[in-house]
Each structure stands twice: as C-alpha cells, then as structure tokens.
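Visitor: Sequence:
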Amino acid sequence: MTNQTSLTEPAAKRRGFTSARISLGKIDRAVPSNFVLLLGVTLFLVVFGLIMVASSSTIDSYLDSQGFFGGFWKQATYAAIGVPLMLILSRLPISFWKAWAWPAIIVAIVLQMLVFTPLGIEDGGNRNWIAIGPVSGQPSELVKVALVIWLATVLARKQPLLGKWYHVLIPVLPIAGLAIGLVLLGHDLGTVSIMAGIVLGALFFANVKLRFLAVPVLGGAALLAVMALTSENRMRRITSFLDAQCTDYEGLCWQPLHGTWALAGGGIFGRGLGNSHEKWAWLPAASNDYIFAIIGEELGLIGCVVLLALFVVMVIVFVRIMRSASDPFTRIATGTVMVWIIGQAFVNIGVVLRVFPVLGVPLPFISAGGTALLTGMMAIGVVLSCARHDDASLARAKAGQ
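The working numbering numbers the first residue of the sequence shown as 893 and each following residue consecutively.
Just so you know, not all the hints are guaranteed correct.
[Said to hold, decoys possible] Here are the simulated BS3-like cross-link-like pairs (lysine-lysine), alpha carbons at most 25 Å apart as the crow flies: (1) Lys1056 - Lys966; (2) Lys1050 - Lys966; (3) Lys1050 - Lys990; (4) Lys990 - Lys1056; (5) Lys1101 - Lys1056.
Source of the hints: derived by calculation from the structure; they are not laboratory data.
Build the full structure now, drawing on both the sequences and the hints.
Guide: See below:
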C-alpha cells in the first residue's frame, strides 16, 4: 500500500504540473478575435492587390522593358517584406511605441528633409521621393506612421489637460505642422490632405473639444485654397473637374474620362480578370492611382462591391478595437490609422468616380507602390500590437484563469 502511494503521488503531481503547463500555454497563446479579423482582412486585401497589380501593370511593365510581370514582382517583393514586418510589429508591447514615439517622428522629419537634397527626385511636379542607389521611396509615407505613434503618445499622456486649448496646440501644432509643411513644400497636395486628416483624427479620438478643432480646420482649408489658387496646374485640374463634359479630352480630361470608360465597360460582371482594354496604354497610372478603374473593368460592379465590403469590415474591426481598449493610446492610434487608411481609400475611389479632382493618392494595400504598401502594413502592425496587448476581454479572461 505504501509503495502504491509513493508511486501514485509523484505521477499525479507530474500530471498536474503538465496540465498546468499546457493550460498556461493556451492562455499565453490566446489571441483576441479583433486581432485575427484585422490580420485576415489585411492579408486578403494585400493578396487582392497583388492580383490586380499583376493584371493592370503587364502592358506598362513590358513597355518599360521589365517583362510582363516586372511590376508584379516588385510589388510582391515589398509584400514579402511587409507581411513579416507587420507580424513582428504586432508582437511589440504598447510601451515600446510610447518609448520610441519622439525618436520616430524626429527620424521621419529628417528623412523628409532629404527630399530637398540631391537625393530628392521630382516627378509630375511633386518633389516627394528620395533615391539611394537603386532604392527609392517616399519619406512622407514614413512620416504618416510616425505621426500616428507620436500623436497617440502625446495626446494619451496629456488626456487630463486637453480641456485647455494651449495644451491641444503644444506640441501638436509645431511638430505636426513642420511635418506637413515639409511635404507641402514638395507640392504633394494629396499626401498633405491625408496627413491633415491624420492629425484631425488623432485630436478627435483624443476627445478634444470640437470648438478647438475649428481653428485648424479653417486654417487648413484656407491654406489648401491658397495652394490651389497659386498653382496653374492645380487650377486647371479643378476647372476640368468642374466641367461636367470635360471637353479637354487630350489634356487633363484624358485620365478621368478613360477611368470612367473603364468602369462603364466592366458592367456588372466585368470583362474578366486580365481582359482590361484601358490598361493597353490608354489609362495612365492604371496600376496605382487608377487601379480601382481596372478593378471595375475586369471584375465589374461585383468586384468593386467586394472591395468596398472589405474596407467596411476593416472599419468595423477598428471600432471594435477602440471600444475594447483600456489605454487611451490604443483608442487614439487605432482611430488615427482608421482615418488614414479608410480616408485615403475614400479619396482614391472618389477621384476615380470623378467625385473629387485628381489628387494622386494610392488605394491602400491595392495600388502599386512599395513604400505605401510597407507603411500601410506597418500602421496595421501598430494596431495589431494594440489589439493583442490592450484587449479588455482578453485581460478579463486571463484574470479569470
């Protein structure tokens, strides 16, 4: 009897210890449903974008002596870098973002300043790129990510003080104004408008009083009006947009009209993947700014609705993450990324539908453009990090265990 007890008790202890280890392992590996949903819809959008870039860029890639799939392989390379980077960022704790917020915004602003050095590249009247050897990119896209992290950190820290207007303006106005002003000096009005939305979104989700937002909104609108009135090219774009007939067919109306014809040609079911007519050198920027027109032509109304539904799902997940947040950093950062991604998609699609004048902003995760894809996935990585480490329901579940 004694021998049986001495043999049984250690075995029971070993079984209990093992089961405890397994149970703890399950808790540690538990992932919030919001994390899974956001990761899934983002990966779906990236894959969808790769397919459409492969289809829409074949002719332009061939004409540029890159082969039919040169544009696709370039975008796929950035996606292959972006997915692991997004997953790595999702593992970082919220304290990491708070600690590195100031260095991030300083480095981003310095990189944006390089645009005005010999490293800078001008394209289409905009000086918003830098090239180091064979690698080129848009520092303004990194500024967007840095702004999200920095604004969320500063505004979350100053939550009790935001009832006074000067605490709202300092240091937000000087730093954010400098970042946006550097992009504005490069004449990239489309990116400036998205960055302004990022700042306003951060202030809104930080629960800043609406009357405090009136001054920057009116000031920004006045600045945009001045920039438009002082640029002949921008004024021509606006007047052609206001012209319902768009009579300047061989000039500024060429791209908007061919984008409209691409959407009309697709009908409900589309011409079929790869069967676009407009991508045969008729529609400029078919694989980036006007890729939504190619989606409409090849996949029809159904394809466009599916894409819009994916962005709607993304909005729902963003809102769920904000509602489950216990740290104001999570609420502000998630809301700001939502304004950035969804707002930019809204502007891009609006341009293709001729609701807005041509602004030159890509469709997030879909348009060709390595820097935009990488930084968009980095922003999602920050939100995933917040969803993983600041989920109230998950915290309660762990406490209950």
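Visitor: Indicate, hint by hint, whether the structure satisfies it.
Guide: Hints versus structure:
no.: 1; hint: Lys1056 - Lys966; result: violated, 48 Å
no.: 2; hint: Lys1050 - Lys966; result: violated, 42 Å
no.: 3; hint: Lys1050 - Lys990; result: holds, 13 Å
no.: 4; hint: Lys990 - Lys1056; result: holds, 23 Å
no.: 5; hint: Lys1101 - Lys1056; result: holds, 9 Å
The structure fails hints 1, 2 (numbered hints given earlier, in ascending order).
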